[in-house]
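If you want the building blocks of each chain, they are given just below.
Number of protein chains: 2
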Amino acid sequence: MLIGTAPSTQLVRRVNASAMLKAMRGAGVVTGTELMASTGLSRATVISICDELVRLGWLQELENQRGTGDYVKGRPARRFIFDDSAASVIGIDIGANKITAIVADMAGTSLSQVTMPFRAYNVPADERADVLDRIAAEALEKAGVSADSVLAVSVGVAAPVSRDGEVLTAQEFWKSFDVRRIVAERHGWQVLLENDANLAALAERWQGTAQGVDNLVVMLAGDRLGSGILESGRLLHGQLGGFGELGYLDHVDGVGDTYGIAHYAALWGREALDDDAGSTLHALCGGEPAALTAEMVFKASADGDRAARTVLDRLAHRMARAIGSISTLVNPELVVIAGAVAASAHALIPAMEEQMPEFTFTPPRLATSTLGDGIVSLGAVRHALDYVEEHALDLYPASQPNQTAAG
Amino acid sequence: MLIGTAPSTQLVRRVNASAMLKAMRGAGVVTGTELMASTGLSRATVISICDELVRLGWLQELENQRGTGDYVKGRPARRFIFDDSAASVIGIDIGANKITAIVADMAGTSLSQVTMPFRAYNVPADERADVLDRIAAEALEKAGVSADSVLAVSVGVAAPVSRDGEVLTAQEFWKSFDVRRIVAERHGWQVLLENDANLAALAERWQGTAQGVDNLVVMLAGDRLGSGILESGRLLHGQLGGFGELGYLDHVDGVGDTYGIAHYAALWGREALDDDAGSTLHALCGGEPAALTAEMVFKASADGDRAARTVLDRLAHRMARAIGSISTLVNPELVVIAGAVAASAHALIPAMEEQMPEFTFTPPRLATSTLGDGIVSLGAVRHALDYVEEHALDLYPASQPNQTAAG
DNA sequence: TCTCTAAATTTAGTGCATAAATTTAAATGA
DNA sequence: TCATTTAAATTTATGCACTAAATTTAGAGA
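Line by line, the protein sequences are chains Z and G. Residue numbers for the first sequence, in the numbering used here: 1 to 407. Residue numbers for the second sequence, in the numbering used here: 408 to 814.
Simulated from the structure, these hints should not be mistaken for laboratory data. You may find that some hints are simply not true.
[As the list claims (entries may be wrong)] Take a look, some chain Z residues computed to stay more than 12 angstroms from chain G by CB distance: (1) Gly57; (2) Asp214; (3) Pro350; (4) Asp386.
[To be verified] Simulated coverage check for chain Z against chain G, where a stretch passes if three residues somewhere in it have a Cβ under 8 angstroms from a Cβ of chain G: (5) 73 to 87; (6) 237 to 245.
No experiment lies behind these values; they were computed from the predicted model shown. Glycine included, C-beta positions come from ideal geometry on N, C-alpha and C.
Can you make the complete structure from the sequences, with help from the hints?
Below, the structure is given as structure tokens:
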């Protein structure tokens with residue numbers, strides 16, 4: 001008869017196996033000896049865990065036992081490699097008018113990226129769900145990856161999301177659109193939800209300007225303005241997922257809103273249009289206020305247009321004040337401006353840096369993101385990978401379905 | 408020869424022993440059977456760990472094997488109790504002009520509280536260190552506890568403190584006054600440092616209005632204003648310990664400062680004094696502006712003084728705006744006003760609640776602290792207890808010195 | 001004294017780990 | 001060709017922590 005053992009007994013194996021996976025991810029080909037050094041475990045344990053991880057599908061053992069150019073004395077070491085293609089994840093960004101999906105392997109390498117138009121409003125919930133389906137299917141096909149291999153999907157939304165992934169907002173749109181249930185039911189995937197600005201922060205720390213920064217604020221600024229905050233490397237959520245919301249912060253102008261850089265660039269640009277009919281700004285939009293975009297204002301300012309320059313100064317002042325207030329309270333090392341206008345916003349940085357001491361005792365470093373438009377979906381990929389890495393031992397890569405009970 | 412076993416092997420024992428201690432703290436007298444139920448461990452394991460914890464000094468086994476009124480069939484259960492007096496901790500609050508120390512046992516019960524005047528400035532560092540020594544000695548004596556039994560000391564300071572307990576400020580005072588080193592060297596105690604507002608937040612969640620609240624802001628408001636923030640039950644620090652700083656937040660008045668309720672109550676009260684020479688306010692301070700205190704303004708307002716009432720309205724507006732800004736960004740469930748004027752500040756709450764929606768989409772619940780003057784030292788006690796509880800298995804209660812190598 | 005009962009203790013077996021001894025798979029040189 | 005060298009893999013002997021099942025024990029009551 002089988003005599004049982006505590007669930008807690010296996011804790012040690014879980015801890016050590018996690019340490020091994022962590023040591024192997026991104027380390028390329030490794031030998032047992034190298035793993036002994038990096039984990040502090042004994043050789044017997046290292047080999048035993050490697051065998052098990054190979055069986056579970058997370059590792060591959062290389063055929064040729066000795067790499068070219070390796071040290072050639074002694075018995076050849078067995079060589080293991082973390083199998084980047086053992087599984088995959090999907091990161092999705094649901095925006096106001098488009099939706100983006102990235103499929104990535106376990107190394108975080110993007111295998112495909114697909115963008116589709118997406119109408120958030122005046123469309124039946126079913127139709128929105130279908131778009132989700134279609135974009136995931138298309139991204140998977142383009143990546144050449146089977147749906148079975150997907151171990152987690154993370155979805156970024158422009159709404160407060162609590163720590164346990166509930167969308168908490170009064171907006172009718174989200175109440176009638178339960179992304180989690182839709183994706184989970186249709187595909188059986190594990191679905192994670194997170195606020196878009198929070199995902200931008202993860203992306204920025206993963207591949208952007210903020211690598212290695214543990215206390216970070218990312219301002220996701222387009223037509224709207226939101227922020228994602230990392231403290232000691234951990235995302236903050238607050239009671240109802242609202243940590244990082246910015247409405248009302250800038251109460252001086254009586255605006256009390258969450259409009260972003262693009263919104264004000266265009267709005268103020270239009271105001272400036274009236275002032276000077278012969279300007280570059282005027283030329284760019286053909287004198288038609290409705291045709292004036294934020295990009296035109298940045299362009300005109302770069303070309304030396306005086307009115308546009310004034311708009312940018314005003315923008316810089318507004319952003320400096322917002323960032324100053326946040327920095328006082330949150331004390332980040334670095335603030336990154338990301339989102340649709342990040343590249344253009346670079347022009348605002350010198351003015352902001354200059355004004356920053358006026359608004360905070362503890363001015364942070366400032367930077368703009370270079371990750372571009374896909375920042376939220378990229379962050380979603382990182383978010384999904386975090387989940388899979390943390391639960392690796394409970395998940396089964398598709399190549400080796402369910403080996404739980406095996407000897 | 409002894410054949411070794413992994414340090415990691417003992418991890419299981421550590422985890423289970425911690426779970427046992429957690430289950431026993433505050434649970435009073437428990438039997439093995441009860442512990443089996445609350446921890447899910449088997450009887451053999453529970454008993455084995457109890458024996459070990461008794462040996463280490465954390466538990467006591469009761470002599471009379473069956474409590475009066477207990478169920479009386481069967482072999483009497485061995486009865487264990489967490490030994491509240493196994494060790495003690497000290498919580499210290501270093502204020503601008505006084506210093507407070509509390510000695511508490513492992514149950515968190517205060518055994519003594521001592522306050523001494525403390526001059527932060529214009530006094531040699533040695534003298535300040537001596538005050539620390541004297542207050543600790545006096546508090547211990549008053550508590551009837553030996554210095555050996557102290558397993559941790561937490562000290563609250565009115566300066567930014569990083570997550571790892573470094574005081575990070577440009578102030579000369581702290582640079583020349585290394586509390587950690589002083590206390591550690593003179594007594595060998597483990598010393599923890601933490602910001603005073605952060606400790607107030609811990610106290611408020613432990614014994615105050617905020618019990619069970621995981622997303623909490625505590626405004627520590629006296630002459631100065633600072634805040635301690637808990638997110639998901641965890642204190643926030645930021646890059647240089649500045650998380651929760653409030654200077655410049657209230658930039659509308661152009662004040663950009665960190666002055667608190669008491670400061671402005673007195674300041675604005677003095678201004679109001681000029682306006683109306685026949686008021687209650689006037690009577691309270693004898694018409695002498697320098698003699699007017701914050702308490703007088705609160706008192707006069709309660710008595711119906713119109714000018715004082717106006718000052719309070721202005722204060723409420725200022726606090727509402729500060730709390731509103733914080734609440735937008737931090738999204739707490741509850742904001743507690745604590746510190747010297749907490750009791751008086753209670754009168755501000757209705758006005759603040761009314762104005763709150765003007766400053767944030769997500770108005771939190773508001774409350775004032777009832778923990779009084781000792782809130783910071785009380786929080787320091789909780790902080791020290793947290794440390795001891797987390798490291799219980801690495802620390803040795805004084806009654807049973809060093810049993811490491813014992814069988 | 002005998003029986004009942006719940007708890008404690010003992011016994012047998014499992015999982016995961018280490019250290020030391022032994023074996024193994026190339027590479028090399030006599 | 002074949003012993004030698006070497007680093008790695010395996011095997012062997014132990015240890016710790018746990019569980020389940022069998023056994024013993026301490027008191028209460030018939």
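Cross-check of the supplied hints:
no.	hint	result
1	Gly57	holds, 25 angstroms
2	Asp214	violated, 8 angstroms
3	Pro350	holds, 21 angstroms
4	Asp386	holds, 16 angstroms
5	73 to 87	violated (count 0)
6	237 to 245	holds (count 9)
The structure fails to meet hints 2, 5 from the earlier list, while all remaining hints are met.
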